[in-house]
Amino acid sequence: MARTPRDVTEKELEVMQSLWARGRSTIKQLRDAVYPGGDTAEYATVQKLLDRLEEKGFVTRDRVRAPHVFTAAVQRDELIGRRLQEVAEKLCGGSLTPLLTHLMRGRPLTDAERAELRNLIEGDAP
Amino acid sequence: MTLAEMAASNLVVALVLAVAAAAVGLWGRRPALTHLLWVLVLVKLVTPPLVRVPLAWPAPPPVAAEDAEEPAGVPVRMVLVGGGAAFEAAPEPPEAAAEPPAPFAWGYWPGAVWLAGMLGWYGLAWRRSAEFSRLLKLGLPAGPDLVQRVARLAALLGVRAPRVVLLPGRLPPLVWGAHDPVLALPEGIEARTAGAGLDTLVMHELAHVRRGDPWVRWLEASALGAWWWCPLAWYASRELREAEEQCCDAWVVRVLPGEKKAYAAALIDVLDFLAGAPSPPLMASGLGPVADLKRRLTMILRGVTPARMGRPASLAVLALAAVVLPLVPALSSGQAPPPAKPEENDVLFLKPDGKGVPIQLELRFEGDKPAGDPNLKALEIELARKIAELEDVRKKLAAARNKPLVGRTPNPNKAGGDGVVIAVEVNGVGKREVDALVQKIREAVGADRRVSVEVKRPAGKPPEGGIIIVGEKGGLRFTIPVESIMRPPAVVVPNPRQVPPPPLAPVPRGKSVEERLDALMKEVEALRREMKGR
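If you read the protein sequences in the order shown, they are chains A and B. Read the first sequence against the numbering used here and you will find it ends at 1282, with the numbers running on by one and no gaps. Read the second sequence against the numbering used here and you will find it ends at 628, with the numbers running on by one and no gaps.
Be aware that a few hints might be false.
Said to hold, decoys possible - According to the in silico footprint, chain B covers these stretches of chain A (three or more CB under 8 Å from chain B):
| id | region |
| --- | --- |
| 1 | 1164-1177 |
| 2 | 1232-1238 |
| 3 | 1266-1274 |
As the list claims (entries may be wrong) - Cross-link-like lysine-lysine pairs, in silico, DSBU-like; alpha carbons within 35 Å at most:
| id | chain 1 | residue 1 | chain 2 | residue 2 |
| --- | --- | --- | --- | --- |
| 4 | A | Lys1184 | B | Lys231 |
| 5 | A | Lys1204 | B | Lys231 |
| 6 | B | Lys525 | B | Lys490 |
| 7 | A | Lys1184 | A | Lys1204 |
| 8 | B | Lys231 | A | Lys1212 |
| 9 | A | Lys1167 | A | Lys1184 |
| 10 | A | Lys1167 | B | Lys231 |
| 11 | B | Lys490 | B | Lys534 |
| 12 | B | Lys480 | B | Lys626 |
| 13 | B | Lys626 | B | Lys525 |
| 14 | B | Lys525 | B | Lys489 |
| 15 | B | Lys616 | B | Lys490 |
Quick caveat, the hints were computed from the structure, so don't treat them as lab data. Treat the numbers as computed from the prediction; the structure is a model and nothing was measured. A virtual CB, placed ideally from N, CA and C, is assigned to each residue, including glycine.
Using the sequences and the hints, build the whole thing.
Here's what the structure looks like:
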């Protein structure tokens, strides 16, 4: 079962950003993107991050070729957008501090409500 | 003033301000004024009170001394000299001093829970805010057209144009950050809300920047964290937000007066965009606050809501803030408030056995200073109680032995009528000092009253140096400056003709309060056993 974006850490997001930007990439290519000038230790770090992302269902691994090639399994807008929305929900309307200054929030309008509001606008506006 | 008293007084003043803010919001037509009053509520919640204002409270009729239920008895004033014990407790009447607070009593738990909740709340808020800031950096920079549009609108409003980023996901237009605000817009907003509608939405967010609302977020977060359990804080936050949105709506209408209709339509578009999903079934209607949205749209379309308060109202609110914010309401019955923290020479009223003669302990500190640990304070009070109990037992023991008192024997006949019998127990002082003490007692009582003075010299060295007990009878009250008659404790030579009462074991200095207390308790028990045997 795919996990929610909640579980994506900052470093994992950096790897995902590189995957979105580069497309299919090997571990070495991703290491050079995330840790420019990195060596074996950083290689192992990126490998571990990719293992986690694969486990969470956010990347796929092509094991046919060596070295393995990784591809993003979720789109950027989907992952970041959902995560942003989730955090914003907690900040704005959840139980925590509303540090956001936002325009409005609300639930979907019914057709009747939307029609009523549109009528209000059309009727009252000069 | 304790933290609990500060919190209570802040809550009372904030509640009064909240009632005023709610009334202005309900009947007034200036959301800016309502907003400022709600800001004051939050400010009051997080700022310490400074000026105590006694509020009149009907005081009970004074009870005459002869009508008081308290037995007159022989109030005894005991001065502890050289005591390292650090008494620190509010002086209490005899009835209230029956039980000292136990260490880790239940009374500490509310404060502990409050503090834990506060820290947890701040920690979680900080973590989520940091995560949102991090995610915000993943946003795409706005295109040049949108940047120019924001700059043009910012110039109309007279603010510096903020950085603009485009975010994926279903987020409303928002402003993030107070010092260097970022205007975040959902990706594709230009395609969904083109033209005047987009201008009005951006203008609304810029109005937040102009009003300094991102700074108010910090105040709001501070108040909500500190008062996470208090409905008033959450209610104030909600009302503050509503007034804030009304103010920004008014700014949009003021700066773009011809776009009211486009603005109202854009708000509905944003609401649909945020919902994302198809319209809910009709049965779901009425569950949400559509009435609030209707009211908001009506205000926008009418366009008569003032965006600002006006100078007179601003000055009035500022004056109100200057007066109300530092206040500390305190109920007063016309009597002077007791000192918040007992100082040296304060008096503790204690009854060792819960009945009979109340004992006043005059506190004198030498050496160690009062400690701030409440547990230590409780133990110190317990220690004082045991000392008083020890003296009581020793007196009874002396009476049981039927030994004549050293010094002058009281003569009840002489002390009859309006005469006075005073018992003085001294230790560690010489005859000259005792004579001086007796003389001072006579002077204090007055030459027109007959005085009989008992002087007792209990053997053994009392704990922590010398103890002088001065008793009084007949409703007379006086104070003798002990410094004038005291000198460094002298070696006490017990009268060989007397069988000395069991000496008080000197409590070694440097031991903990618990050890001292245990030693005294053992002493009390030993004396009791001996008295029972006799």
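Okay, the hints, checked on the actual structure:
{"no.": "1", "hint": "1164-1177", "result": "holds (count 3)"}
{"no.": "2", "hint": "1232-1238", "result": "holds (count 6)"}
{"no.": "3", "hint": "1266-1274", "result": "holds (count 8)"}
{"no.": "4", "hint": "Lys1184(A) x Lys231(B)", "result": "holds, 25 Å"}
{"no.": "5", "hint": "Lys1204(A) x Lys231(B)", "result": "holds, 24 Å"}
{"no.": "6", "hint": "Lys525(B) x Lys490(B)", "result": "holds, 25 Å"}
{"no.": "7", "hint": "Lys1184(A) x Lys1204(A)", "result": "holds, 13 Å"}
{"no.": "8", "hint": "Lys231(B) x Lys1212(A)", "result": "holds, 23 Å"}
{"no.": "9", "hint": "Lys1167(A) x Lys1184(A)", "result": "holds, 16 Å"}
{"no.": "10", "hint": "Lys1167(A) x Lys231(B)", "result": "holds, 14 Å"}
{"no.": "11", "hint": "Lys490(B) x Lys534(B)", "result": "holds, 27 Å"}
{"no.": "12", "hint": "Lys480(B) x Lys626(B)", "result": "holds, 19 Å"}
{"no.": "13", "hint": "Lys626(B) x Lys525(B)", "result": "holds, 33 Å"}
{"no.": "14", "hint": "Lys525(B) x Lys489(B)", "result": "holds, 21 Å"}
{"no.": "15", "hint": "Lys616(B) x Lys490(B)", "result": "holds, 17 Å"}
This entry satisfies every hint, going by the numbered hints stated previously.
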